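Asker: Turn these sequences into a full structure, and let the hints guide you.
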Amino acid sequence: MAALRSIEELQQYVNNRSIPLIPKRERIQIQIDSLNADANEKLEAEFNKLNTTCGCAEGSIASVVGMVFFVIYLTFIDVDAAFTGMEALFYAMGTFFIFMLIGKFGTIIRAHFKLKKLPARYLATDTP
84 MAALRSIEEL
94 QQYVNNRSIP
104 LIPKRERIQI
114 QIDSLNADAN
124 EKLEAEFNKL
134 NTTCGCAEGS
144 IASVVGMVFF
154 VIYLTFIDVD
164 AAFTGMEALF
174 YAMGTFFIFM
184 LIGKFGTIIR
194 AHFKLKKLPA
204 RYLATDTP
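Per my numbering, residue 84 is the first one in the sequence shown, and the count goes up by one each step.
None of these hints come from the bench; they were simulated from the model. Remember, predicted model here, so these are calculated numbers, not experimental data.
Distance windows between CB atoms, simulated: (1) R100 <-> F159: 39 to 49 Å; (2) R88 <-> V154: 51 to 61 Å; (3) A122 <-> L184: 34 to 44 Å; (4) S143 <-> K107: 19 to 29 Å; (5) E129 <-> S101: 14 to 24 Å; (6) V151 <-> N131: 29 to 39 Å; (7) I102 <-> E129: 10 to 20 Å.
C-beta atoms are modelled at their ideal positions from N, C-alpha and C, and glycine is treated no differently.
Answerer: Okay, here's the thing in structure tokens:
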């Protein structure tokens, strides 16, 4: 388990981190001397939550929402849709995957930018 011991190390880690397509599950231990134990625990928990966010739950929720929209579209908006069974299946699968990817990668990107802002929130309490 890697450990970060200062806000500067935390800032450097965050700045060098790219947006991961497949997030790492490695937990980072944070032990900043100028922060009290509660602040270190809170920072470590928040950091690791954002650092290991995979977006799986959000992707699955978004895919269900996409399917609901697809059914609503077919039922109420395009009532005369001339889909054959296979066309409807392909459109449904496309809708499912597009919404899933939007949910998953939207969550990963949001977590990445929240992680970039995290050291600045603790920088004020780190200065003596």
